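The chain contents come next:
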Amino acid sequence: MIPSDNSFNDNKEGLNFSWLLQMAWRDSRRNRSRLLLFVSSIVLGIAALVAIYSLGDSLRDNIDSQAATLLGADLQISGNRPVSGKAKQLIQSLGTERSEERSFASMILFPKNGGNRLAQVKALEGNFPFYGDLETVPASAGKTFRHGKQAVVDQTLMLQYEAKVGDSIKVGEVTFAIAGILLKAPGQTGITAAVAPSVYIPMAYLDQTGLMQKGSRITYRHYIRFKPKTDVEKLVKTIEPKLDAADLDSKTVQRQKEDTGRSFKDLTQFLALVGFIALLLGCIGVASAVHIYIREKLNSIAILRCLGVKGYQAFLIYLIQIAGIGLFGSVLGAALGSVIQQFLPFVVKDFLPFELTTTISWPAIGQGIGIGLVISILFAMPPLIGIRKISPLNVLRNTADAVKLERDPVTWLVYILILLFIFGFSFLQTKNWIQALSFTGGILGSFIVLTAMAMLLMWLVRRFFPASWSYLWRQGLANLFRPNNQTIILIVSIGLGTLFICTLFFTQTILLNRVKRSSSGNKPNIVLFDIQSSQKNDIMALAKQQGLPVNETVPIVNMRLESVNGRNGAQSKSDTSKEQSRRIFGREYRVTFRDSLTASEKLVQGKWTGTYADPAALIPISIEEGFAKRNHISLGDTLIFNVQGAMMQTVIGSMREVNWAEVQTNFLVVFPKGVLEDAPQFHVILTHVTSPQVSARFQQALVQRFPNVSIIDLALVLKVIDDLFDKIGFVIRFMAGFSILTGLVVLISSVLISKYQRLQESVLLRTLGASRKQIFVITALEYFFLGTMASLTGIILALGSSWALATYTFDTEFKPELLPVLVLFMLVSALTVFIGLINSRGILSKSPLEVLRQDV
Amino acid sequence: MNTILNLQEVSKIYQSGDHALTVLDKISFTVEAGSTMSIVGPSGSGKTTLLGLCAGLDRSTSGLVELHETRLDRLSEDQLASVRNKYVGFIFQNFQLMPTLTALENVMVPLELRGEKNIRPRALDLLDKVGLADRGHHYPTQLSGGEQQRVSLARAFSNKPQILFADEPTGNLDAETSEKVVKLLFDLNKEAGTTLIVVTHDLDLAAKTQRIIKLKGGKIISDTDTK
Numbered sequence: 001m002i003p004s005d006n007s008f009n010d011n012k013e014g015l016n017f018s019w020l021l022q023m024a025w026r027d028s029r030r031n032r033s034r035l036l037l038f039v040s041s042i043v044l045g046i047a048a049l050v051a052i053y054s055l056g057d058s059l060r061d062n063i064d065s066q067a068a069t070l071l072g073a074d075l076q077i078s079g080n081r082p083v084s085g086k087a088k089q090l091i092q093s094l095g096t097e098r099s100e101e102r103s104f105a106s107m108i109l110f111p112k113n114g115g116n117r118l119a120q121v122k123a124l125e126g127n128f129p130f131y132g133d134l135e136t137v138p139a140s141a142g143k144t145f146r147h148g149k150q151a152v153v154d155q156t157l158m159l160q161y162e163a164k165v166g167d168s169i170k171v172g173e174v175t176f177a178i179a180g181i182l183l184k185a186p187g188q189t190g191i192t193a194a195v196a197p198s199v200y201i202p203m204a205y206l207d208q209t210g211l212m213q214k215g216s217r218i219t220y221r222h223y224i225r226f227k228p229k230t231d232v233e234k235l236v237k238t239i240e241p242k243l244d245a246a247d248l249d250s251k252t253v254q255r256q257k258e259d260t261g262r263s264f265k266d267l268t269q270f271l272a273l274v275g276f277i278a279l280l281l282g283c284i285g286v287a288s289a290v291h292i293y294i295r296e297k298l299n300s301i302a303i304l305r306c307l308g309v310k311g312y313q314a315f316l317i318y319l320i321q322i323a324g325i326g327l328f329g330s331v332l333g334a335a336l337g338s339v340i341q342q343f344l345p346f347v348v349k350d351f352l353p354f355e356l357t358t359t360i361s362w363p364a365i366g367q368g369i370g371i372g373l374v375i376s377i378l379f380a381m382p383p384l385i386g387i388r389k390i391s392p393l394n395v396l397r398n399t400a401d402a403v404k405l406e407r408d409p410v411t412w413l414v415y416i417l418i419l420l421f422i423f424g425f426s427f428l429q430t431k432n433w434i435q436a437l438s439f440t441g442g443i444l445g446s447f448i449v450l451t452a453m454a455m456l457l458m459w460l461v462r463r464f465f466p467a468s469w470s471y472l473w474r475q476g477l478a479n480l481f482r483p484n485n486q487t488i489i490l491i492v493s494i495g496l497g498t499l500f501i502c503t504l505f506f507t508q509t510i511l512l513n514r515v516k517r518s519s520s521g522n523k524p525n526i527v528l529f530d531i532q533s534s535q536k537n538d539i540m541a542l543a544k545q546q547g548l549p550v551n552e553t554v555p556i557v558n559m560r561l562e563s564v565n566g567r568n569g570a571q572s573k574s575d576t577s578k579e580q581s582r583r584i585f586g587r588e589y590r591v592t593f594r595d596s597l598t599a600s601e602k603l604v605q606g607k608w609t610g611t612y613a614d615p616a617a618l619i620p621i622s623i624e625e626g627f628a629k630r631n632h633i634s635l636g637d638t639l640i641f642n643v644q645g646a647m648m649q650t651v652i653g654s655m656r657e658v659n660w661a662e663v664q665t666n667f668l669v670v671f672p673k674g675v676l677e678d679a680p681q682f683h684v685i686l687t688h689v690t691s692p693q694v695s696a697r698f699q700q701a702l703v704q705r706f707p708n709v710s711i712i713d714l715a716l717v718l719k720v721i722d723d724l725f726d727k728i729g730f731v732i733r734f735m736a737g738f739s740i741l742t743g744l745v746v747l748i749s750s751v752l753i754s755k756y757q758r759l760q761e762s763v764l765l766r767t768l769g770a771s772r773k774q775i776f777v778i779t780a781l782e783y784f785f786l787g788t789m790a791s792l793t794g795i796i797l798a799l800g801s802s803w804a805l806a807t808y809t810f811d812t813e814f815k816p817e818l819l820p821v822l823v824l825f826m827l828v829s830a831l832t833v834f835i836g837l838i839n840s841r842g843i844l845s846k847s848p849l850e851v852l853r854q855d856v
Numbered sequence: 001m002n003t004i005l006n007l008q009e010v011s012k013i014y015q016s017g018d019h020a021l022t023v024l025d026k027i028s029f030t031v032e033a034g035s036t037m038s039i040v041g042p043s044g045s046g047k048t049t050l051l052g053l054c055a056g057l058d059r060s061t062s063g064l065v066e067l068h069e070t071r072l073d074r075l076s077e078d079q080l081a082s083v084r085n086k087y088v089g090f091i092f093q094n095f096q097l098m099p100t101l102t103a104l105e106n107v108m109v110p111l112e113l114r115g116e117k118n119i120r121p122r123a124l125d126l127l128d129k130v131g132l133a134d135r136g137h138h139y140p141t142q143l144s145g146g147e148q149q150r151v152s153l154a155r156a157f158s159n160k161p162q163i164l165f166a167d168e169p170t171g172n173l174d175a176e177t178s179e180k181v182v183k184l185l186f187d188l189n190k191e192a193g194t195t196l197i198v199v200t201h202d203l204d205l206a207a208k209t210q211r212i213i214k215l216k217g218g219k220i221i222s223d224t225d226t227k
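One line per chain: the protein sequences are B and A, in this order.
So the first sequence is numbered by this note's numbering: it starts at 1 and just counts up by one.
So the second sequence is numbered by this note's numbering: it starts at 1 and just counts up by one.
Careful, some of the hints might be misleading.
To be verified - Interface residues of chain A toward chain B, partial, derived using beta-carbon atoms under 10 Å:
1. T48
2. T49
3. G115
4. K208
5. I212
Unchecked claim - Result set (DSSO-like, lysine-lysine): computed pairs, CA atoms no more than 30 Å apart in a straight line:
6. K389(B) - K160(A)
7. K112(B) - K719(B)
8. K389(B) - K26(A)
9. K389(B) - K86(A)
Calculated from the structure, these hints are not laboratory results.
Please read these numbers as outputs of a predicted model, since none were measured by experiment.
A virtual CB, placed ideally from N, CA and C, is assigned to each residue, including glycine.
Could you build the full structure based on these sequences and the hints that come with them?
What follows is the structure, encoded as structure tokens:
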């Protein structure tokens, strides 16, 4: 007799894990190549993550081992005034060896060809760097240039002006022989070299250059070497109050290590997020493939259920299979990532202030495999969950019931888990829940929009199906919406990849256009600064002589802030309740005076006072609102400025909003007329040149006659932005490439997986007399529709997001360049068709009988 | 004799929107242990649905289904799976072998599920009895239809079921092969003393059983003993 009802809850034959493993293994036997295909989608994503994590680990190791050479000394003390008195004595008492560097922006001139541009001049005294070298060609130049009238010049400048070692370079009034090409200095990166290339000169000649005049913005750095094993951190803590009092900053090797580490952490975190998107795309591929796989397995599962396998056991058999291939794919991805890692130093070399050596990072590999395993299981779970509900009755019915996943509430739980995983991952990267939420929301939003677009496309094709078109076109179109179509997965994956690449391209265009626009028409495009009062009229005359307009001359007075509402820097610092930063006191202010607002300014609070008329009253000044907000100062606050020893009692009379994007001289603090006219000052002149030739001629004349005057040429700014984008863009494109490639892998696997389903239909068509050419056309048309729709959707989304960026973030007009976008569109579409056809060739090349005989 | 299967007033109604389709209408009968019976009737008469209910593959809309005095409607899906594994064997028209398992593995699965040890010789013995001792390592696609059904027979008897359900066991076979398979089915059944319920169109096959129930429109129109 059959036992009573409850005895079937037995455990005796319950979860026999080894049997489940055995069944999973046996069942996978005839599907392994297909299972591998599913998992290929996540390989690239895991590879990207492992490569980035390994890079992060290598960076940390390298920073640790090369920390001293990043700073070049044990301690760096810096300020923007020459040290004197007690501070000087203090510095001279420190360490066993000291070196001083004074650096400032100045025009340099190559007399050989008249080439000139703004560079970072660094006058050096002593043997800095104490650790590492100024890397030069020839190698000895980094040391020998200090012994004569010689300079070492950044390779960017040397290349730009076709200069050679032995040529001359003029800095201010002094012409130096170029002793060597500077390849690398402590802490310098490819990016800093592109923005502000350096020229090192011996300190002994600095005075002779004539560039050390009042008003010049010079950074004074003192490098100090201590006896080995000195606790520099501890020492700095004891001298910090004295350094603060003298407005000096200090940086130890430890702090440099932390700063460098932090900035690279940001970089690797950003890249990890980009890599993670590729992984997510791959996971959608896995989910889609598993969905098809399980549908094909319905009958096998129903047989097992008939033979007595319980719902959860059947579920576990396939879960084990998916976990197995997830693990295999992750291991494969981790191995590939470790190989890719070897190339990453080349990709990020412009961001690195040191030579990067890479080693295999086991923690990174472990992390990558763990993430791959978890995420492939999570994404495969929605179709897997349905297995529990597969009825054994399916065995008796030839029409296997489709598993209705959406009706299973557990599926929603899985979706929530997936979102939590994405959020958790991004939170671990950013350590900022708002950013993590934005990332998760952004991903979810993009997926939803792309999925909605795909569904809309399918609906439109079905709704407005062109019944009068030829059979081949109708068949190709119908493939977009019929059962087992790949429309959603392909539009999401390829669309997202296209969206990345396209948005990046548009953002670059927006930024460049914004700079170009700011110099269009008669707007100034050359800024001359550091002009002494005595030089002003001569320079204006020179401009006039060359036929250039003087758009604006602006006086600038340097001053320091002594107190805010009666509290000075020291008092402010000791009062922890006050959030005012020490920086508000430590810095030097460049202030102008005028009686009206400029075109780039808008009064937002208070009353603008153009002229100071009442000597008994406080001087009403105007402050930029962002600066006020950052430093917690408001309308009516009293500020005392020290102008070369003279104290100016002021009150904040108004707040201005400033558009910093305009090529204008913009100021944080503006004085009214009638106060600073007699104070020591220098001037800025803005002019407009009509062509590069005119610009070169004017700049040459200017540098020859007024070597202390610096020039910002907007053409140079454009070039620098372009260079920067090239460098940053390369890294982003490299990472976005993983998404595109994943999209293609998903495409390949989708095509191959759906091939099994299409095979029967194609065989039927061929049996009924369709030619190979006709099947080829149907297949080509299907992938043409998919490719064009996917890339078009990505491009439309990129246009939308770039328009929003341009309008709301950069406040500029968005005029997309259409030709490159068209090229991208055609490329992605053509690639999709190509891959579709390549992978479908099996259907075309075999005879119908051959296929019918196989186990389809 | 003991009653192994008891159906009382069993109905199966499918709801499709506002429309209700009655596939089985108040069916009642009992089956004695060790007996053989066939269910015949035209297509759409409810034969396969009835078999599904008897074997615990499906649930009735109303009425009582007792398999060896156990009410199947009171068991969960997983408990039903246990019942099938321990006491029920199946043979299907489409053989329903696992395509990814070899013939031997297909026969072994029910025994493995029961957690039994040393099952390989038993499975090989069964394959031998159906004349396929040398084909154990072949996959279903490498076997002919008749061979597949013989593997299916070996699998059905492997867990020594108390009751065996056969759904059109010869429906996909030619006459000659059918004859061999039917002979094998009845021989093995006799040897094991199993209750056999066959659903078929084939009246010759039905005539080989002790009792025939004829269905039409979801109702029993006749219930006759053949012997």
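Taking the hints in turn, this is what the structure says about them:
1. Given hint, T48(A) at the interface with chain B, holds; its Cβ is 5 Å from that chain's nearest Cβ, closer than 10 Å.
2. Taking 10 Å as the C-beta cut-off, the interface hint given for T49(A) holds, the closest approach to chain B being about 8 Å.
3. Given the 10 Å rule on beta carbons, the hint for G115(A) holds: about 5 Å separates it from the nearest Cβ of chain B.
4. Annotation: interface hint on K208(A) violated; nearest CB of chain B at approximately 22 Å, more than 10 Å.
5. Here the hint on I212(A) is broken, as its CB sits about 21 Å from the closest CB of chain B, past 10 Å.
6. For the given pair, K389(B) sits about 27 Å from K160(A) by alpha-carbon distance, which is consistent with the 30 Å threshold.
7. This hinted pair checks out: K112(B) and K719(B) have alpha carbons roughly 23 Å apart, not beyond 30 Å.
8. Distance restraint check for K389(B) and K26(A): the Cα-Cα separation of roughly 28 Å lies within the 30 Å cut-off, and the hinted pair is therefore satisfied.
9. Taking the CA atoms of K389(B) and K86(A), the gap is about 21 Å. The hint holds against a cut of 30 Å.
In summary, the numbered hints that this structure violates are 4, 5.
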